[in-house]
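Quick mapping for you: the protein sequence lines, in order, are chains V and A. Under this note's numbering, the first residue of the first sequence carries the number 1, and numbering increases by one thereafter. Under this note's numbering, the first residue of the second sequence carries the number 1, and numbering increases by one thereafter.
Where hints are given, some of them may not hold.
Repeated chains share a single entry, so a pair holds when one copy, or any two copies, can fit it.
[To be verified] In silico BS3-like cross-links for lysine-lysine, where the CA-CA straight-line distance does not exceed 30 Å:
(1) Lys119 to Lys320
(2) Lys240 to Lys320
(3) Lys346 to Lys452
(4) Lys155 to Lys320
(5) Lys240 to Lys452
(6) Lys452 to Lys219
By construction, these hints were calculated from the structure, which means they are not laboratory data. Quick caveat, the model's predicted, so the values are computed rather than measured.
There are 2 protein chains.
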Amino acid sequence: MWFGYMGPCLGASWGSGWALRAGEEGMVWTTLEHPEHSSLPAFALARPLRRSSLAPRLCPVPCASCPGLSPQPAPRRTPFLPGVALRPPTKPQQAMEGDLTLQLRIFDLNCWAIRYLSKRRQERIQLIGDMLRRERFDLVLLQEVWSEQDYSDLKARLGGCYPFSHYFRSGVIGSGLCVFSRFPILDTLLYQYSLNGYPYMLQHGDWFCGKSVGLVVIKISGIVFNVYVTHLHAEYCREKDAYLPHRLVQAWELAQFIRHTSKAADVVLLGGDLNMHPEDVGIRLLRGWTGLRDAFAEATRFEGCEDGCTLIPNNCFTVKTELLPFPLGIRIDYILYKAISSFTVKCEELKTTTGTAPGMDIPFSDHEAVMATLHIRRQGQAAGATLGTAEAMLADVVTEARTEVGVGLRAAQRQRYSTGRMAVLALLLLLLQAAAALGALAGLAAGQPFPKLSFSLLAFLAIGVLLLATGLHLFHTIEVKMLQGTEEQMRMALRALQERPSDG
Amino acid sequence: MWFGYMGPCLGASWGSGWALRAGEEGMVWTTLEHPEHSSLPAFALARPLRRSSLAPRLCPVPCASCPGLSPQPAPRRTPFLPGVALRPPTKPQQAMEGDLTLQLRIFDLNCWAIRYLSKRRQERIQLIGDMLRRERFDLVLLQEVWSEQDYSDLKARLGGCYPFSHYFRSGVIGSGLCVFSRFPILDTLLYQYSLNGYPYMLQHGDWFCGKSVGLVVIKISGIVFNVYVTHLHAEYCREKDAYLPHRLVQAWELAQFIRHTSKAADVVLLGGDLNMHPEDVGIRLLRGWTGLRDAFAEATRFEGCEDGCTLIPNNCFTVKTELLPFPLGIRIDYILYKAISSFTVKCEELKTTTGTAPGMDIPFSDHEAVMATLHIRRQGQAAGATLGTAEAMLADVVTEARTEVGVGLRAAQRQRYSTGRMAVLALLLLLLQAAAALGALAGLAAGQPFPKLSFSLLAFLAIGVLLLATGLHLFHTIEVKMLQGTEEQMRMALRALQERPSDG
């Protein structure tokens, strides 16, 4: 199977799940009436699921005209609406001057929308569109929207709430990446990863997708956001992961691309299906090398699947057998962030869906959606380079990643050698046949000539093997070069880390 | 033929050409003795070839301790050395504080070093190595170093003068790009262009090279240099240039890559074989969209081939018939630059080789080398965004480029359709054969069965056509996607230009 998991429907409703839990735990839904910002809601969980945060929320958009508003009790409480659990504010962004805070709500989902293969695709795309229109996030990052028609449908449906969008094209099938935004997209750039699986692994198919990282630049209230969306190579067998070197090359290229392109940004956001568990070397490399922080680990409040998992047995589209070693599921979809210049970013709240879509019998996708509420605040001085901290640990991570890339390199070199040898053997066979045929034509052969049918079949077989082996040889040659290139870049990075221990 | 031009040897010696011209025109080779900077040479041409610059050169590194030194006559003149024409300073860089000027000498050459195909390759690589060691540039940007062995040989030979180097790996053959530097390379990044010709155009072969732009980050005296080296798709027929849309996509991606990655740099340098004439839409797009300036157009002094040509009839490796419409040759190799932050960059001198290598009977390559001497000076305030100027003209260029990309898109769509149709026909033929074979097996066929040999040959032919047409169809599908993506990006750029006429 391709990019996700399918299986029997076992999941509970997302909306009702939330409603039940919120009701049980005494969730409070509040709206602060505010002289400048109309209808700015704040909500608090009396007992959050993962982390204690008992104090009632401060005003999300403090301003000079209402300094005493934040600690006040909520003036009005709206009842909890089942099916529209924790309905977010409709106008969360405010201009930010001086010490004001900007609130940004981000939605990330791997949509699992493969034409002809993904179950109930069109129905789910419609559900996703409805929910996005209802919830009015600020930024929506989607992956696996493989069909441009699905993107166009979403765009038509969401045009009113998200007037700006971009679809990233790449590879045979596409990158599957797209972004919907409430704010103008100023610029875009796509970087296609140099390695992405093998063309002959048709049952996995990642190679045909042109996996990439897409960048969109957005400016809100004078703050420049570099928003990245990506989808890395899938992991099909954790015990014997043949794609680990490729995924590591992708994680490295992703980190390098973010570092090099984000230097003029104020805030960096990355959302996507990274296909790596939180403790995997690729994630540690990405976080260490870019200084990005994990919204799940940093969130003040969390609500959703336990451990923030985004592939869970409760989702009716996941393959239960593949999740057997992980009874809670796995977390492979992330929202990461950092501030670069004189800003701080804080994740106030992180949520995931927990199975089915609200009021429906199916989930949005085989992945759970990740939704983050970030607070961006200007501060007096620059946040400083994040690379300066724990450089030794970072060097360890890069060394570990380099070792894995080295293992992949040796495997690729072996494959290059064996396919090259096969091509040479096929060529020799062809030459032998040509010599025999010429000999027969010249009447040199004693006795019976070869049977024509077998002879031509053998020739065609040899040509087929020659073409195939040559193609594979060329492919593995590229693979070797890319792995060598990454290994060398990592060596350079290690040298830089060792030489400049205190300089980011 | 592949990446260059070959032909009978007609060229004149580079060294002697220079020596003769320099001697005739009264070139003065001076070395300023300086309390802080030992052996800083300055040279002046009494009558420069292209532009009048009669005043003697100022001290290239002015400093507080010798304010009156610059206008003084040169205290010592060294005789002109034939074969080592205009021998450059050995220590041109100096720490720059306050208003001081940093001098940087850059060398750029398309080396035409294709294993087994390029004439006298090893000999020329050796010559290039010797010259680079002798001349001691600060930065050397090479293209078409396709063999990693050649790079390793150069690296071993140049290790003493250029302790830092990087080879960019990409594609089946490689990117051919490498950089040698006197200053530590802090970081690198490679961006492979999404389109680069066709895999079935074996006689051109660009597709196999993985044409890319390489970035190296260098810091000299606290100034951050983003140095880009690239090589775009060749132009094989100017009248009917089938690769124009691909080259335009590359020029656009190059411009976008530079814009997005150079925001934290102080100075941007780009060197390479752009395979475009100076007035071509791709060059105008690149320059307009990035704000890069052409060293040839900006240079105070120029010395070399007329009009700065880098593919000239005088070079014994160029194909004379291909240069017939251009008696002087064509200029397709460039050094471009700009300052981003509070610096100014000025090209004091630009030179090209003019045929053969000094004292030898062959040139370094089929291309002429380009050598620029840049002066980088800190200034009080930021240089400002260069995009702010002539926005309307830039919009015209983007529109023109977009039109060309649109033409390419329609051609690609036609090819995608025709290859798809061919694949379907081959599949139908195969199905027909399968039905006939099954019929024959079931004894349904009346009369004689098909001759086995013809039948299997036809089947193999159908399989071959099916595979080939499917491969081509997939390739043209990618091509269509990439052209669509670029067209959309250009549309977005145009919108941005129209909406924010004064904002870079």
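Tested hints:
no. : hint             : verdict
1   : Lys119 to Lys320 : within (16 Å within a copy, 62 Å between copies)
2   : Lys240 to Lys320 : within (19 Å within a copy, 58 Å between copies)
3   : Lys346 to Lys452 : neither (76 Å within a copy, 74 Å between copies)
4   : Lys155 to Lys320 : neither (33 Å within a copy, 54 Å between copies)
5   : Lys240 to Lys452 : neither (46 Å within a copy, 46 Å between copies)
6   : Lys452 to Lys219 : neither (72 Å within a copy, 70 Å between copies)
The structure does not agree with the numbered hints 3, 4, 5, 6 stated previously, though it agrees with the rest.
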